[in-house]
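S.K.: Please construct the entire structure, taking both the sequences and the accompanying hints into account.
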Amino acid sequence: MFAVSEGSEATFAVGEVLANISVPNYEAVMRTTGLTGEVRLDGGASLVTVDLHSMESDEPFRDRYVQNRMFPGQPSASVSFGDLTPLPDGFTNGDPVTTEANGTLRINDMDVPLTFTIEARDDGDIVYVVGRSTFTWDQIGEPVPTARVVVSVEDEVRVNVRLALRPK
Numbered sequence: 343m344f345a346v347s348e349g350s351e352a353t354f355a356v357g358e359v360l361a362n363i364s365v366p367n368y369e370a371v372m373r374t375t376g377l378t379g380e381v382r383l384d385g386g387a388s389l390v391t392v393d394l395h396s397m398e399s400d401e402p403f404r405d406r407y408v409q410n411r412m413f414p415g416q417p418s419a420s421v422s423f424g425d426l427t428p429l430p431d432g433f434t435n436g437d438p439v440t441t442e443a444n445g446t447l448r449i450n451d452m453d454v455p456l457t458f459t460i461e462a463r464d465d466g467d468i469v470y471v472v473g474r475s476t477f478t479w480d481q482i483g484e485p486v487p488t489a490r491v492v493v494s495v496e497d498e499v500r501v502n503v504r505l506a507l508r509p510k
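Residues in the sequence shown are numbered from 343 upward in steps of one, following the working numbering.
Rather than coming from a laboratory, the hints here were simulated on the basis of the structure. All residues carry an ideal CB built from backbone N, CA and C; glycine is no exception. Check the hints yourself; a few may be wrong.
Claimed, not checked - Listed next, the in silico SDA-like pairs over lysine to any residue satisfying Cα-Cα at most 20 Å (straight line):
#1 K510 - T391
#2 K510 - D384
#3 K510 - R463
#4 K510 - G385
#5 K510 - F413
#6 K510 - E401
#7 K510 - L389
#8 K510 - T378
#9 K510 - G386
#10 K510 - E369
#11 K510 - T434
#12 K510 - R382
#13 K510 - D465
#14 K510 - D467
#15 K510 - R406
Unchecked claim - Simulated DEER-style distance windows between Cβ atoms:
#16 T478 - T440: 18 to 28 Å
#17 V493 - S347: 35 to 45 Å
#18 A345 - T427: 13 to 23 Å
#19 P417 - D453: 17 to 27 Å
#20 K510 - R463: 13 to 23 Å
M.R.: Given below as structure tokens:
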């Protein structure tokens, strides 16, 4: 059993066009280090909780929108994995491992199935795991965000979770 520890971070990125910024392919990125949970690398169930109200971007308006309009009564979301595939023996020798894991995102009182591409490496005292996935606004029960300065927002949200795991 491993605990999610300091050095963990989740980012959520989406392409957007803003009326006041003439940058092609602009990407809005929300970040948080507010992650907690337990991960089992032996194939057992795992749960990671994300503090939605600690997410920040380069725009305070966007931060307030996410906290107050998208998730006002829901300060956290979670991702659970029911049966992770045990990592191969070579993993404990520091060799990086790449695999896929099916999980469930619990957000807005909805369970959203997600498939994560996982890269993991054992550095001795700490195990690093990076998971990448995507979801769409309608999957999480949210309309595409709007604001006066927002011309358009992509429908696909890219998720990147970096976990620093320490033995419990």
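S.K.: List, from low to high, the hint numbers that the structure doesn't satisfy.
M.R.: Per hint list: 5, 6, 10 and 15 violated.
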